[in-house]
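Q: Sequence:
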Amino acid sequence: DQEKAEVSCAERLLERLEQEIAELRRRDAELEQLSHTEDHIHFLQSCQSLPLGPGDLPSITVSPQISFEAVSKCVSELKERLEDVCKAELIKASGRVGDVHILEPKTREDFLLYSCQLTLDPNTAHPHLRLSEGNREVTRVEEIQSYPDHPERFNCCEQVLCREGLSGRCYWEAEWSENGDDRVDIAVSYKEISRKGDGDDCELGCNNKSWTLDCSPSSYSFWHNDKSTEIPVPSSSRIGVYLDHRAGTLSFYSVSDTMTLLHRVQTTFTQPLYPGLWVLYIGSSVKLCDLG
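First residue of the sequence shown? That's 1 in UniProt numbering, and the numbers climb one at a time after it.
The hints are simulated quantities; they were obtained by calculation from the structure and are not laboratory data. From a predicted model like this one, the values you see are computed outputs, not experimental measurements. Treat the hints loosely; a few may be bogus.
[What the hints assert, rightly or not] Derived BS3-like pairs (lysine-lysine); straight-line CA-CA distance at most 30 Å:
| # | residue 1 | residue 2 |
| --- | --- | --- |
| 1 | LYS227 | LYS196 |
| 2 | LYS209 | LYS287 |
| 3 | LYS227 | LYS106 |
Take the sequences, apply the hints, and build the full model.
A: Written out as structure tokens, the structure is:
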């Protein structure tokens with residue numbers, strides 16, 4: 001009688017497992033249909049409304065006096081199978097949500113919703129860079145600044161990074177002195193960029209750890225991994241930078257009465273990004289704008 005009761009319990013459990021597998025297949029079909037919708041809001045709302053996966057499976061109490069190995073093995077295999085199905089559904093659903101395209105802001109007012117406050121890190125500044133305005137402006141000078149030795153300081157390239165590492169949706173603006181032979185680079189970089197020496201591994205835009213907009217009074221160019229893209233548009237002294245880290249987009253804008261897209265990067269960012277500046281000529285300066 002005890003063994004019959006255990007078998008009956010196992011049969012009921014098997015029936016429940018089959019029902020739950022059928023329910024998972026039904027939800028998979030719903031997700032597949034939702035993945036083709038162009039209404040992103042409807043997609044997200046529908047995903048949130050889907051029921052959660054099955055809870056913990058009930059245990060079966062088996063008397064130690066009887067052997068029930070076959071039923072236990074069957075139940076264990078079905079439980080593992082159900083867990084695999086649940087994991088697969090979660091991965092597919094997460095991937096579909098991640099594929100939803102988030103529209104980039106259009107107007108400057110839209111961008112300012114994502115504005116972030118940045119400060120230059122004195123511990124990274126090259127000795128010929130003078131920081132001012134609360135570490136929000138940098139000027140290339142002839143006199144060596146009295147900075148202490150630091151492992152994160154650029155010792156050959158006239159560069160400086162910000163303190164803040166960015167990993168969300170962020171927007172900032174930089175204004176540079178658009179005079180004569182001025183040339184500055186407005187960039188983002190992984191923190192692991194090399195600091196010592198003047199090789200490509202240290203220079204913003206010359207390695208796979210940094211992305212740079214090179215600005216001069218006559219032209220722009222975009223640099224990444226030591227490859228450049230010329231940008232044939234009139235120069236502007238104010239540059240806006242928009243980062244959507246999760247979406248893998250980095251956009252540079254010329255800021256005036258309107259926002260003019262200069263260059264957009266589509267990639268996968270694997271680490272926080274640190275805004276950086278490279279000031280190449282004595283007397284040139286760059287200021288991080290206060291966006292209030």
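Q: All hints are to be evaluated individually against the structure, with a verdict given for each.
A: Verification of the hints:
no. : hint            : in the structure
1   : LYS227 - LYS196 : holds, 22 Å
2   : LYS209 - LYS287 : holds, 23 Å
3   : LYS227 - LYS106 : holds, 28 Å
When each numbered hint is compared with the structure, no violation occurs for any of them.
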